[in-house]
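Hey, can you work out the whole structure from these sequences and the hints?
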Amino acid sequence: MATPVIRAAALSLRHGPGCRRCETQPDFDGNTCPDCGTVWSLRDVTFDVAPGEIFGIVGESGAGKSTLIDILDFALEPTGGAIHYDHWQGGVPRLHSATAQERRRLRNFEISVVHQNPRRNLMMGVSAGGNVVERMLAAGDRNIGRMRDAAGGMLDHMELQGRIDMRTDKLSAGMRQRVQIARALVNRPKVLLLDEPTTGLDLSVQARTLDLIRRVHRDLGLAVILVTHDWGVLRLLARRAIVLKSGRIVECGTVEQLIEDPQAAYTQLLVSSAL
Amino acid sequence: MNAPMAQSGGHPYAYLDEFMKASVRVAVLKAICIPGYQVPYVSEEVPIARGYGSGGLQITLSLIGPDDIFKIIDEGDDETVNAVNLRRMVGEVTGNTATYDATRATLIQSRHKVPEAPLSEGQIVVLQSAFPDALRFFERSEAVSRRMHAEKDYGKLWLRLYESVIDHGEIMIGGRYPVMVEDRYVLDPTHVPRWDLPLMDNSPALFLFGAGREKRIYAVPPYTKIEPLGFEDHPFRVENQTGKTCRLCGSGESYLAPILTASGAYDWFCSDTSFCRARRGEHLEDTQWQRQ
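As they're listed, the protein sequences go chains S and W. Numbered as in numbering that gives the first Met the number 0, the first sequence ends at 274 without a single skipped number. Numbered as in numbering that gives the first Met the number 0, the second sequence ends at 291 without a single skipped number.
Straight-line C-alpha distance at most 30 Å; calculated DSS-like pairs for lysine-lysine:
{"no.": "1", "chain 1": "S", "residue 1": "K169", "chain 2": "W", "residue 2": "K155"}
{"no.": "2", "chain 1": "W", "residue 1": "K155", "chain 2": "W", "residue 2": "K224"}
{"no.": "3", "chain 1": "S", "residue 1": "K189", "chain 2": "W", "residue 2": "K151"}
{"no.": "4", "chain 1": "W", "residue 1": "K224", "chain 2": "W", "residue 2": "K29"}
{"no.": "5", "chain 1": "W", "residue 1": "K155", "chain 2": "S", "residue 2": "K189"}
{"no.": "6", "chain 1": "W", "residue 1": "K29", "chain 2": "W", "residue 2": "K151"}
{"no.": "7", "chain 1": "W", "residue 1": "K29", "chain 2": "W", "residue 2": "K214"}
{"no.": "8", "chain 1": "W", "residue 1": "K224", "chain 2": "W", "residue 2": "K151"}
{"no.": "9", "chain 1": "W", "residue 1": "K29", "chain 2": "W", "residue 2": "K155"}
Ranges of calculated distance between the beta carbons of each label pair, as one might list FRET restraints:
{"no.": "10", "chain 1": "S", "residue 1": "G152", "chain 2": "W", "residue 2": "M171", "range": "20 to 28 Å"}
{"no.": "11", "chain 1": "S", "residue 1": "R214", "chain 2": "W", "residue 2": "E231", "range": "30 to 38 Å"}
{"no.": "12", "chain 1": "W", "residue 1": "I47", "chain 2": "S", "residue 2": "G15", "range": "51 to 59 Å"}
{"no.": "13", "chain 1": "S", "residue 1": "R104", "chain 2": "W", "residue 2": "V83", "range": "49 to 57 Å"}
To list a few chain S residues with every Cβ distance to chain W over 10 Å, as calculated:
{"no.": "14", "residue": "A8"}
{"no.": "15", "residue": "D28"}
{"no.": "16", "residue": "T31"}
{"no.": "17", "residue": "P50"}
{"no.": "18", "residue": "E109"}
{"no.": "19", "residue": "Q160"}
{"no.": "20", "residue": "K169"}
{"no.": "21", "residue": "S171"}
{"no.": "22", "residue": "Q205"}
{"no.": "23", "residue": "D210"}
{"no.": "24", "residue": "R213"}
{"no.": "25", "residue": "D218"}
{"no.": "26", "residue": "V249"}
{"no.": "27", "residue": "E259"}
Please keep in mind that the hints were generated in silico from the structure rather than gathered at the bench. C-beta atoms are modelled at their ideal positions from N, C-alpha and C, and glycine is treated no differently.
What follows is the structure, encoded as structure tokens:
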């Protein structure tokens with residue numbers, strides 16, 4: 000396997016002081032320690048993602064999927080563990096030791112995120128093209144003609160021809176999601192984080208968006224981390240996945256294996272309830 | 000700055016007590032050290048309402064000394080109500096000389112206009128600022144906009160210019176046109192017309208901005224680069240005045256303000272009235288104020 004582009008090593012996020020039981024012998028279900036009440040949103044999450052891979056993260060509501068994405072996107076600081084990013088100082092130091100300026104550069108050029116709720120990324124009072132162009136402006140481009148060509152090309156790629164000057168709050172939910180993807184991709188990042196990109200969209204839009212993600216992935220060759228609770232989406236896009244429950248990894252493997260032959264009882268439950 | 004401490008009319012020289020003057024001067028010094036950075040300061044009460052130039056007045060009263068010759072301008076005009084009343088107040092609490100001549104004044108307090116006459120070293124221009132933060136248009140949180148300034152995170156500010164170009168074909172921002180100071184901080188130059196921004200670039204005079212209500216002081220030191228934001232293919236431009244000249248002095252090289260005539264047409268006049276007077280050969284005498 001090639002050098003992983005991103006590596007999470009024993010990521011933990013806890014809220015509370017911790018005690019001997021929950022720090023050394025976590026023998027309880029759920030993510031709250033019965034002795035000291037510490038909540039472990041994430042606990043010892045370890046995985047790596049190869050360049051050009053689509054990597055899935057599955058789990059029920061509250062399992063810590065979006066928390067994990069927020070940590071990878073620098074919105075949250077982990078309390079334990081480290082993220083190694085291949086394109087930043089050779090992947091050696093902790094990614095979260097980067098200064099604020101370096102983080103902004105990483106978010107501009109290296110790691111992009113698409114949220115489930117477009118309002119977290121998009122400015123609704125600004126045109127669709129403006130939302131895409133903002134990333135390029137932040138990266139230092141100062142030529143409107145050139146930026147409009149690039150943003151227009153990206154929006155065309157997202158099947159949003161002729162919508163470049165439309166205000167974002169006038170667009171439908173599916174279009175907003177595609178504007179978000181265009182914005183995430185315009186600076187050609189190496190890693191794309193997708194947090195439930197198709198949840199809440201109707202089936203035909205869902206299918207088109209998934210198709211689009213697959214095409215973009217093939218064309219640009221970037222690594223994608225895909226968070227979903229939908230086995231169908233996962234099967235369509237991802238090769239490998241981890242299953243999260245109460246902030247812990249209960250199983251990891253290829254998607255085929257997870258669906259056809261789940262080992263952990265929780266995975267079996269998830270698969271059977273989905274089918 | 001060794002102001003006489005003798006009491007007259009129940010208030011110290013230049014009205015403010017020495018503690019307040021010191022706090023304003025500290026903020027001014029810090030602002031000069033970090034061009035474009037907004038320095039918070041204790042904005043105490045002065046006998047005018049906040050929003051009427053209290054920040055500029057505090058700087059003026061803190062910096063003025065017995066030898067200073069001062070000038071007060073409001074939208075380029077020396078004779079508007081605000082200018083006349085501020086001049087009278089500063090005159091009565093200091094007993095200094097007031098002038099109409101921008102080249103002779105050592106301390107100029109102005110609202111929304113930089114004097115057209117070329118400024119020289121040693122002059123101080125105090126501009127009254129209503130909104131000190133150029134990022135306030137799209138960022139409501141002071142904490143966030145401070146962080147954006149610290150990280151030089153001006154993408155959204157540029158986006159505002161981009162949207163303006165998309166909507167109107169060019170950058171349609173009149174007052175408060177954002178300027179980059181020495182490639183570091185973006186500064187709000189108050190409501191001066193775009194015309195004035197090149198006058199501030201690399202000027203030998205010191206520009207101070209006082210926002211009394213928002214409690215901020217910022218500065219453009221002498222010989223500092225001021226760069227209005229613009230794109231490679233849509234650069235910054237001053238107001239288009241081709242074909243217009245001042246009705247009184249015939250000037251086309253100064254900022255012109257329109258006045259609606261009875262016939263419904265616009266007449267154009269120099270916004271800077273003392274500049275216009277000087278071109279017509281008129282001269283207004285200085286006023287020597289008596290300290291009350």
